[in-house]
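There are 2 protein chains.
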Amino acid sequence: MLFDSNSISKLDRFYRSNLINSITGFKSLNLLGTLDPKGISNLAIFSQVFHVGADPALAGILFRPNPGSLHSLSNIENTGFFTLNHILPEFISKAHWTSAKWEISEFEGVGLTEEYIGDFKAPFVKESEIKIGLTFEEKHHLKINGTTLVIGRINVIQIPDNVLSGDGFVNLQSAKSVAGIGLDGYFFENQITRFSYAKAETPPKVI
Amino acid sequence: MLFDSNSISKLDRFYRSNLINSITGFKSLNLLGTLDPKGISNLAIFSQVFHVGADPALAGILFRPNPGSLHSLSNIENTGFFTLNHILPEFISKAHWTSAKWEISEFEGVGLTEEYIGDFKAPFVKESEIKIGLTFEEKHHLKINGTTLVIGRINVIQIPDNVLSGDGFVNLQSAKSVAGIGLDGYFFENQITRFSYAKAETPPKVI
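Taken in order, these protein sequences are the chains called A and B. Everything in the first sequence is counted per our numbering, starting at 14 for the first residue and increasing by one. Everything in the second sequence is counted per our numbering, starting at 14 for the first residue and increasing by one.
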């Protein structure tokens with residue numbers, strides 16, 4: 014199939030969203046944990062997290078201009094702290110469910126556990142095995158579509174010894190870290206699972 | 014293992030590079046094709062490509078401040094055109110080898126084939142099955158470490174019909190698209206292969 018700029022712009026909105034979200038390749042998947050100024054925790058799934066540099070140790074996160082993303086973004090700007098937590102196969106449904114509109118903390122809503130490491134001022138996910146704590150460094154506003162790029166400095170890493178090679182390489186397969194495809198695809202143990210649009214009332218269904 | 018900001022900053026340089034490059038999760042892998050002002054082709058492997066938006070259709074690419082990346086970046090700024098091409102298991106060694114310092118076009122050096130689609134002014138990789146053509150839209154300079162973020166608009170997509178679902182979702186496993194881990198890890202068909210640092214004189218060795 015060959016699409017050009019004209020046919021891409023004329024695609025059905027949901028078809029285009031699935032296609033363009035999948036076409037750049039496999040995605041990292043992380044649960045992003047923050048605290049609001051009142052100390053209430055927030056947890057949101059992000060597939061637009063990427064390596065920025067090793068010295069200083071930096072990661073980038075892109076925030077879409079939607080209410081869920083903006084809640085995480087404003088918490089980061091208010092507190093300066095956030096966490097990234099890898100997703101394991103046994104809690105992909107809960108991870109996907111964080112994207113629903115919750116009136117309570119997503120931790121409580123989906124049934125994941127807040128964990129605090131030292132005096133780091135953002136919640137980690139206890140069920141994750143690879144956990145990263147970051148502080149806000151820099152942000153950029155993308156004019157073309159209103160998204161915001163945040164650069165965070167990596168200040169905490171918790172990782173099981175048995176997935177860490179002698180030269181620092183992380184075996185993400187042994188770690189059972191889940192990869193993302195598109196908007197709703199989860200890739201792990203050589204299989205792809207997709208989930209329905211997340212609503213707070215009912216857990217996501219496999220589609 | 015628990016690392017804090019102090020222990021991260023004291024890590025051996027190569028260990029930290031492997032750790033921080035792997036820790037954010039699986040990466041997309043793409044070969045980025047450009048033409049220089051004289052029409053000589055350039056091909057470079059990139060693991061920092063990510064989804065930015067579906068309408069308009071956008072992807073982001075982060076360029077490290079090293080000579081290889083800057084060559085691709087200056088070609089994009091001069092011509093306005095570039096391509097992203099997924100990597101298949103049968104040519105991961107050639108894909109990795111593009112990162113060596115070549116005096117000739119990397120296409121010729123590693124043995125991949127330039128392909129042109131319509132009047133699009135950048136080379137695609139004939140051996141890739143998923144190919145994306147983009148035009149330059151916007152760039153941002155990251156102050157903290159001198160990297161450059163480029164946003165490109167997706168104008169061409171070529172994709173095999175059999176990996177495209179009815180709703181636009183791309184089955185990257187059926188497409189045999191390779192995912193990246195860290196600086197030198199390639200994940201496909203449930204196995205990880207790592208390659209030695211790329212030099213033009215000899216093909217990369219599996220490590």
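No lab work stands behind these hints, which were simulated from the structure alone. Hints are not guaranteed to be accurate.
Here are some chain B residues pointing at chain A (derived, C-beta under 7 Å) [what the hints assert, rightly or not]:
| hint | residue |
| --- | --- |
| 1 | N34 |
| 2 | V62 |
| 3 | T206 |
| 4 | Y210 |
Just so you know, even glycine gets a beta-carbon here, dropped at the ideal spot from N, CA and C.
Verification of the hints:
no. : hint : verdict
1   : N34  : 5 Å, holds
2   : V62  : 5 Å, holds
3   : T206 : 12 Å, violated
4   : Y210 : 12 Å, violated
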